[in-house]
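Number of protein chains: 2
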Amino acid sequence: MKRLDTVAIVGVGLIGGSIGLALRERKLANRVIGIGWRRSSLQVAKRCGAVTSVTTNLAGGVAEAELVIVCTPVDLIAERVEEVARHCPAGTLITDAGSTKQQIVAGLDEALFAGDVRGVRFVGGHPIAGSERSGARHARADLFVDRPAIVTPVDGNRAKDIRAISEFWKALGSRVLTMSPARHDEVMASTSHLPHLVAAVLAGTLKADELPAVSSGFADTTRIAAGDVDLWQEILLSNKANVLNSLERFEKLLASLHKAIERGDAARITKILSDAKEKRDAVGS
Amino acid sequence: MKRLDTVAIVGVGLIGGSIGLALRERKLANRVIGIGWRRSSLQVAKRCGAVTSVTTNLAGGVAEAELVIVCTPVDLIAERVEEVARHCPAGTLITDAGSTKQQIVAGLDEALFAGDVRGVRFVGGHPIAGSERSGARHARADLFVDRPAIVTPVDGNRAKDIRAISEFWKALGSRVLTMSPARHDEVMASTSHLPHLVAAVLAGTLKADELPAVSSGFADTTRIAAGDVDLWQEILLSNKANVLNSLERFEKLLASLHKAIERGDAARITKILSDAKEKRDAVGS
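Listed in order, the protein sequences are those of chains A and B.
Residues 137 to 421 in the numbering used here are what the first sequence lists, from first letter to last.
Residues 137 to 421 in the numbering used here are what the second sequence lists, from first letter to last.
What the hints contain is simulated information worked out from the structure, not anything from laboratory work.
Remember, it's a predicted structure, so these values are computed and weren't measured experimentally.
Some hints could be false.
Copies of one chain are not kept apart here, so a pair can be met inside one copy or by any two copies together.
[Stated by the list, open to error] Subject to a maximum C-alpha distance of 25 Å in a straight line, what follows is the list of computed BS3-like cross-link-like pairs (lysine-lysine):
1) Lys395 x Lys407
2) Lys376 x Lys395
3) Lys163 x Lys296
4) Lys306 x Lys296
5) Lys407 x Lys343
6) Lys376 x Lys388
7) Lys407 x Lys296
8) Lys138 x Lys306
9) Lys376 x Lys407
10) Lys138 x Lys395
11) Lys306 x Lys163
12) Lys163 x Lys138
13) Lys163 x Lys182
14) Lys296 x Lys138
Using the sequences and the hints given, assemble the complete structure.
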């Protein structure tokens, strides 16, 4: 990725802030403009060095940007992208970091994919990185290193732009995967959204008087349940059909294990645990 | 805890090995005798310094022990404790590290609790520590530090012995909790056994082609599913009634979240995620 003069980040929370820090630390942009709605969040991003300047005025903030990354909550992304497209210079490339992709793509004017209006183009993306902590105060320049980043082109996108967004994530240290928005949402349902709701239900099942006895295993298994509630509520609903599909797969296997325990069927329990161990061993630490 | 001359550990895997390492590092025992059935495992324990000598002969191994800790798989503990009781010196204190407690207590001669035969007494225990890795090669002297250790006395036990086993775990760095075997098994079902089976089912739901896209959140949530399959199959069955109870509580909340997603009920989803976050936040990292 060649060094850019001006990059704008709309939404400077954990992800936006970490992109800013990484761009600055890797000297990939001369100026990083943080755009947001809460002055306090913008000040945090500025103080921790994630951005070089901040503004609450989106139109002014993107006026000179060559690249704009929209990192707002997922339900705001489509409208922010459209707003950026109206105010950025001709030829600007826009991407996002939203956790679900089909809803965003469906909400955008198709002219944005091929760049039919003033040469402004959008290619979607999603870094598979994060934390149960939110806010720019927890941003880290290495948040994306060795983590997957999924680029989600649609038919209308130009190959050159898909490559540019892929190069952007590679430059931040990510392993880039490319798939359609539909496939992305399907994969995320089982690798991210299902784990989140399962972890939440597990944490929710704990009784207060059992707290002193919890193990590090319980802490690991439920860690993501500490994540931002509003963000996750939006994700679960914006990917509803896929989440329900994955959940049904989970419930089916859970019912099978439930029955095996009930019947005292050691062989069946061993089979389910062995399959799970084999899959988990392939994930690595 | 006063320094002991001879301690015997029956079963020198991750837990037995870590107890040995901790006893030696903290200078709590002059001799630590490792007793096991596989010579290769015994040699690993010896090489990593967890024990000062090893033997496959249980009778000989416990012949001079003041304290014996039985760390075998849970389904072997009761018979090993009885065997230790027949061969150890008069007045020896025996404990264990089994993950479920009612079955063990039910399998023991009641004379062992108050020390009616040769003054040999048994008090059950369970360190809430471990790892998805097994074997003495992964043993760590600090495995129990700041971790709960549950001492599970029965009515027949003497206060002095309960105190001695509590002091033993404190000396290894644990936070000691005391509860009945029945209560222990109930608490473990929801804090440990349920998380294990949920993590296994979650890992089992993953499709091979989704593997490259997994997040650190998925890795955390499923980490314990890499644990020893035989050990966990035994635990789930030896605590069957409590495990099924906890599982039903989990399934009920899961069904409620399932329905809320289906109906697009954002308020209900938010409520379930918020409750879960509040409970998880209380757990700490």
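(message) Tell me the hint numbers this structure goes against, listed in increasing order.
(response) The structure breaks hints 7 and 10; every other hint is satisfied.
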